[in-house]
Structure formats: structure tokens, C-alpha cells
Amino acid sequence: MATLHRGFSASSILLLLLLVLVSSSSASPVHEILKKNALPPGIFPDTAKNYTLFSEGRILIQLDAPCYVQFDDLFQYGRVIWGKLEYGRISEISGIWFKQMITWIPITGIVAPANQDFVVLLFTLISKKYPAKNFKEIPSCRADESLPISEV
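Per the numbering used here, the sequence shown starts with residue 62, numbered consecutively.
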């Protein structure tokens, strides 16, 4: 087998490069991949740390456990969230809901229009704009949907 400078074989170098590529593609946290795709990092809570990005743009995001976040509305995040990641948007979402009165409505898409101060959440038949500032900071997730007295 061919040997490169200082005793490294071509297969050793190839293996090292492969390990670097694999580790760098999975090392970025969920919130960093969102920023790279012009999405605010706060659309997913702090417990969203692991993700898998598939070649066709599908993304699988795993949370430590299902949880709730209070934005202008109460959001529920499942333990596993699927979507299609594109620049400035996530479509075909499953695993996120928001509470409207007493009903949980599934969120099917999130769009962050360029140079706008709002984020659009898409539901089955409607959409709703939220101030982009709501999603700049990564929110903490809580296990219970009821609000602590300090937040009421």
C-alpha cells in the first residue's frame, strides 16, 4: 500500500477525513443549523440538542422529553419532531402544536421571511405571524403545561 509522508497510509488519511466530515456534520447543535438556514434559534427549546439531517432536506430533531414553552401562545413540543429544512423555512412539520382555547393545533410550517421582523407559523388551514424577537433567545422547556404563578 502507498505510504504518505511520515508513515501515514492513504487509507489512514481517508479514514481520518471521513471521521472529520461525519463528526462535523453531527456536532452542530440544532440551534446552529437553524441560524445557518436563516431561521431564529428560539423556535426550538433548549432541550432540542440532537438532530439528523437527511440528504433530501428532511430533518429529525430529538428533545430530551416532550415539553411546553410559553410564547404569545402555549406551544407543545413532542420528543421527536420531523420537518423539511429549507433556507428560511421548515415545512412538513410534525411534532409541534400550539394551544388555541382548549384545542391543540398542529404546526405544519415555520417561515422566517428575509429582512422582516416577524415569523409566520403555518397550521392546517391558517397562518399566524409572531414577532421575530419572540424567537431570538432559546427558550427553556417545562414538563407541565400549566404556568407557574410567577408567569401568570
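Keep in mind that the hints were calculated from the coordinates and are not lab data. Since we're looking at a predicted model, the values are computed, not measured. Built from N, CA and C at the ideal position, the CB exists for glycine as well. The reader is advised that the hints may include incorrect statements.
[Claimed, not checked] Using C-beta positions, here's what the derived DEER-type ranges look like:
| no. | residue 1 | residue 2 | range |
| --- | --- | --- | --- |
| 1 | Lys-190 | Thr-113 | 15 to 21 Å |
| 2 | Lys-189 | Tyr-148 | 19 to 25 Å |
| 3 | Gly-170 | Glu-93 | 19 to 25 Å |
| 4 | Asn-195 | Glu-93 | 18 to 24 Å |
| 5 | Ser-116 | Asn-195 | 29 to 35 Å |
| 6 | Ile-163 | Leu-114 | 18 to 24 Å |
| 7 | Gln-177 | Val-141 | 27 to 33 Å |
| 8 | Asp-205 | Val-141 | 16 to 22 Å |
| 9 | Leu-135 | Phe-179 | 36 to 42 Å |
| 10 | Gln-123 | Tyr-148 | 19 to 25 Å |
| 11 | Ile-163 | Glu-93 | 34 to 40 Å |
Status of each hint after checking the structure:
A hinted range of 15 to 21 Å for the beta carbons of Lys-190 and Thr-113 is inconsistent with their spacing of about 30 Å. Between Lys-189 and Tyr-148 the beta carbon distance is about 22 Å. The supplied range of 19 to 25 Å therefore holds. As the Cβ distance of Gly-170 to Glu-93 is approximately 21 Å, the hint placing it in 19 to 25 Å holds. The hinted window of 18 to 24 Å between Asn-195 and Glu-93 holds, with their beta carbons roughly 20 Å apart.
Evaluation of the 29 to 35 Å hint for Ser-116 and Asn-195 yields a pass: the beta carbon distance comes to about 32 Å. Checking the proposed 18 to 24 Å range against Ile-163 and Leu-114 shows it is violated: the Cβ atoms sit about 36 Å from each other. Hint check: Gln-177 to Val-141, Cβ distance near 30 Å, so the stated range 27 to 33 Å holds. Under the hint 16 to 22 Å, the C-beta atoms of Asp-205 and Val-141, about 20 Å apart, fit the expected range.
Checked against the given bound of 36 to 42 Å, the beta carbons of Leu-135 and Phe-179, roughly 19 Å apart, lie outside it. Distance hint check: the CB atoms of Gln-123 and Tyr-148 are about 23 Å apart, consistent with the given range 19 to 25 Å. Taking the beta carbon of each, Ile-163 and Glu-93 are about 36 Å apart, inside 34 to 40 Å as hinted.
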